[in-house]
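Colleague: In the order they appear, the protein sequences are chains D, C and Z.
Counting from 1, one number per residue, gives the positions in the first sequence under my numbering.
Counting from 1001, one number per residue, gives the positions in the second sequence under my numbering.
Counting from 2001, one number per residue, gives the positions in the third sequence under my numbering.
Honestly, I wouldn't trust all of these hints.
[What the hints assert, rightly or not] Far from chain Z by the CB rule (all over 10 Å, computed), these chain C residues:
| no. | residue |
| --- | --- |
| 1 | G1011 |
| 2 | L1025 |
| 3 | L1026 |
| 4 | L1046 |
| 5 | A1080 |
| 6 | F1094 |
| 7 | Q1126 |
| 8 | A1169 |
| 9 | L1174 |
| 10 | L1181 |
| 11 | V1205 |
| 12 | D1243 |
[As the list claims (entries may be wrong)] To give an idea of the chain Z side of the interface with chain D (calculated C-beta under 8 Å), a few residues:
| no. | residue |
| --- | --- |
| 13 | G2050 |
| 14 | L2051 |
| 15 | E2052 |
| 16 | V2071 |
| 17 | F2131 |
[Stated by the list, open to error] Stretches of chain D that chain C covers, calculated by requiring three or more beta carbons in the stretch to come under 8 Å of a beta carbon on chain C:
| no. | stretch |
| --- | --- |
| 18 | 69 to 81 |
| 19 | 209 to 217 |
| 20 | 231 to 240 |
It should be emphasised that the hints constitute simulated quantities derived from the structure, not laboratory data.
Owing to the predicted nature of the structure, the values given are computational and were not obtained by experimental measurement.
No residue lacks a Cβ here, since even glycine has one placed at the ideal position from N, Cα and C.
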Amino acid sequence: MRRRRVLPGFGLSLGITLFYVALILALPIGSLLFKAASLGPEEYWRIVSSGRALASYRVTVLSAAAATLFNLVFGLALAWVLVRYSFPGKRLVDAIVDLPFALPTAVAGIALTTLFAGNGWFGSILAEAGIKVAYTPLGIIIAMAFTSLPFIVRTVQPVLEDLDPALEEAAQSLGGSDAAIFRKVILPLLTPALLAGVSLAFARSLGEFGAIIFIAGNRPFSTEITALLAFIRLEEYDYQAAAAIASVLLITAFVMLAVTNALQARALRYTRRS
Amino acid sequence: MKGNAKPPRVGDRPAIRRTLIATVLLVGAILILAPLVVIFAQAFSLGIGTFASTIAHPDTRHAIFLTVVTALIAVPVNTAFGVAAAWTITKFDFPGKRLLTIVIEIPFSISPIVAGVAYLFVYGLQGLFGPMLQSAEIKVLFALPGIVLASMFVTAPFVARELIPLMQAQGRDLEEAATSLGASGWRTFFSVTLPNIRWALLYGVVLCNARVMGEFGAVSVVSGNIRGQTNTLPLYVELLYHDYQTVGAFAAASVLTVLALVTIVAKILLECQGAGRAGPRALVGPVAILKEKTP
Amino acid sequence: MKITLENVEKTFDTFPAVRGVSLEVESGELVALLGPSGSGKTTILRMVAGLEYADGGRILFGAKDATDIPVRERGVGFVFQHYALFPHMTVAENISFGMKVSRRRRSRQEIDLRVDQLLSLVKLEGLNQRFPSQISGGQRQRVALARALAVDPGVLLLDEPFGALDASVRRDLRRWLRELHDELSITTLFVTHDQEEALDLADRVVILDQGRIVQAGTPREVCRSPNSAFVTRFLGDTNHLPGEIRNGRVYVGDIDIAPAATGEGPAEVFARPSDISWETGGPGVGATAIRVIDRPDGRRILAVTDRGHGIEIDVEPDVAVEAGSRGNLRFTRMNVYPANSARTP
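Take these sequences, add in the hints, and give me the full structure.
Modeller: Here it is, written out as structure tokens:
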């Protein structure tokens, strides 16, 4: 079979793309995996299953889950308010939702720490109620919630905008209450987008670094996230441990990517059918 | 509102409406607005003089300089890559196209720390090319090249992911028409394709730039954090903060915050031009981007 | 310029879109490629244009083998189904694009003059500075045609040229395009799924099914002598009755309706509604009217034969018939094919 291209530039553009992917993405990822693999299974297992590493997975995953859950509710509410209601300052709110994307994570980190530290605006109020945020897992959750909020809002918002009002009207004409219509008509239609947003937000929280390290306190076994542990191992010149722990993060990211894609494939099948 | 009264939609009851708006505004103010305000409040807490002297400090100026230089290299290179990738993926069919689209998106899912560590194992002393580079006396890590490479890794998908869904939706008809009229490849790209993707392209560039200038995790691994030499602005913020120079840290941070605000404004302006809305935006990812081709 | 296709083939992944098509389009001829969707007609057109490359066979322009010439150098004018006008360019810029990118340098005056000529040719004088979004669908179609003509193509190719237009605009544009073709006499090949459009416009109609040519001929040839049940059905409304050929006669049930041209055995009888008459006496296939539809130009009887086959007959406006009426069907014209050759289009 003769393989020729009608439009020009296939060789050049594919060449540039593959070269860049190989040099910028594949080479470092491959090197990291190679380094981790060269440890040998026993050594690798010893590092990634050490008590401190396990504690870091626990705090990272649990905090990410809590932050994602918070954003699932708050992000959906925010998207709903932005799409369905009009109120003064709405455009400003819509704009500022992107702040966590646009603001460098280190800046977000020091700002949140200052707010929630014992002497901060919010920290001092919460301290009176006996709640400590900064340098506790709660701080980690807040930092994660901040950085991953736009993912959920921005995935749900367009779907909510495009929701056909006739669907709701049909449900109303059939006698559904608001709560029932929301639960049985609107929510299922939003589910694919919510799932996509949730998996993105969760993945981002698992890998977040800059915003967290300032507020977390970074005490081993209690407020040390996995990304930081990898970083600390590097600073201790323990490159093998850094490689092993980074590889755990990397593999987790790949798994999350696969999950996200599977969810989206499902969601697309749904939309294609309708 | 106004004269065109409509029957209420779900959730339009005043009680629900007010409660939801109030809750969202309150939580939003605490979580998003307050950090923004506290940055400037802290930056100017010792008066404008202190602020100005922090900004004017040679280390700050060098950090700003390094950040700008990094962006000036990483952003154009990434843009060229993004355009090439989008052209390849949307204008041709070839085996492995789906895989390529997913691979390009990988940096989005990876922790920036992992990116930094990964680069260490390529160019560091214990890495693949480290010894070779050292004998040739080429410094990649703990120097500008390392910072640029790590930034490019982290932002690799930014331009491509804006262009791919748009160009996918636009199809190949225009390029085919131009080619059938005798236009060369470059001519087709510059006078037919580019004018129709320019806003999305700029959108991707703006977002890419913001991320490059603000990148922290990946860069902090590969930069070595040498004050006045390899400190980008976000790293410098961290350095000052850990030095208990809180006001200085926030003054430097306020520069980055202004950049973030400018980015948001640019983003809104570009969205008014229709950028950022192509394709199935709701489903942010490679599978959504690739739809079936028509025979 | 004469176009010759020799045994052209194209497969997409595993789907054989075009399977061995051979066709000659004479210089100055206007030929329609007609077929249902998936019949390969657009793929053939795109291969002639160079927008797809054939997997096998040859395409000749005149005596020259064009199979491997890239679209850019093939010198064809292609009008896309959805026009593919450059949205960021004015009408004039769209039309002049081909001249501007050409290796032959033209002066600005020459280009402007040619644009004006083309615009008057397609009856769009004065629209030079409009953008494609500011003109109607029919106007866009003509701009696309002017743009394709601007490069003086040896061959003009149109993909469903009227597919995206309203029925009324379609008819006018059809007649206009025919006049334009008679004036310019560029060899033209166009694709359509609308048999009326093909018959109305083309010198010759090529009917395709599943990637193969099933019949090619003048509109008169294909209408009067369709060579298969598929072509008969595809060209318009028709009734289908099972029949039998015995002793050189065609029978529907026990009724002898006509002499037979084909061999003995079971047969498929096709007759268009206007080729059957409704008689109240004499021989014929017995039927009962179910419903009568009145139309401006006549009446259509929906009836059931005594053997239970649904049938539709067009009769004169003054024929007295109503639901429940009994009648005998007389076949004035028909097409008979051996049984089991029929396929629903």
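Colleague: If a hint holds in the structure, say so; if it does not, say that too.
Modeller: Verification of the hints:
{"no.": "1", "hint": "G1011", "in the structure": "holds, 37 Å"}
{"no.": "2", "hint": "L1025", "in the structure": "holds, 39 Å"}
{"no.": "3", "hint": "L1026", "in the structure": "holds, 44 Å"}
{"no.": "4", "hint": "L1046", "in the structure": "holds, 52 Å"}
{"no.": "5", "hint": "A1080", "in the structure": "holds, 22 Å"}
{"no.": "6", "hint": "F1094", "in the structure": "holds, 12 Å"}
{"no.": "7", "hint": "Q1126", "in the structure": "holds, 47 Å"}
{"no.": "8", "hint": "A1169", "in the structure": "holds, 13 Å"}
{"no.": "9", "hint": "L1174", "in the structure": "violated, 5 Å"}
{"no.": "10", "hint": "L1181", "in the structure": "violated, 4 Å"}
{"no.": "11", "hint": "V1205", "in the structure": "holds, 19 Å"}
{"no.": "12", "hint": "D1243", "in the structure": "holds, 53 Å"}
{"no.": "13", "hint": "G2050", "in the structure": "holds, 7 Å"}
{"no.": "14", "hint": "L2051", "in the structure": "holds, 5 Å"}
{"no.": "15", "hint": "E2052", "in the structure": "holds, 7 Å"}
{"no.": "16", "hint": "V2071", "in the structure": "holds, 6 Å"}
{"no.": "17", "hint": "F2131", "in the structure": "violated, 25 Å"}
{"no.": "18", "hint": "69 to 81", "in the structure": "holds (count 5)"}
{"no.": "19", "hint": "209 to 217", "in the structure": "holds (count 3)"}
{"no.": "20", "hint": "231 to 240", "in the structure": "holds (count 3)"}
Of the numbered hints listed earlier, those contradicted by the structure are 9, 10, 17.
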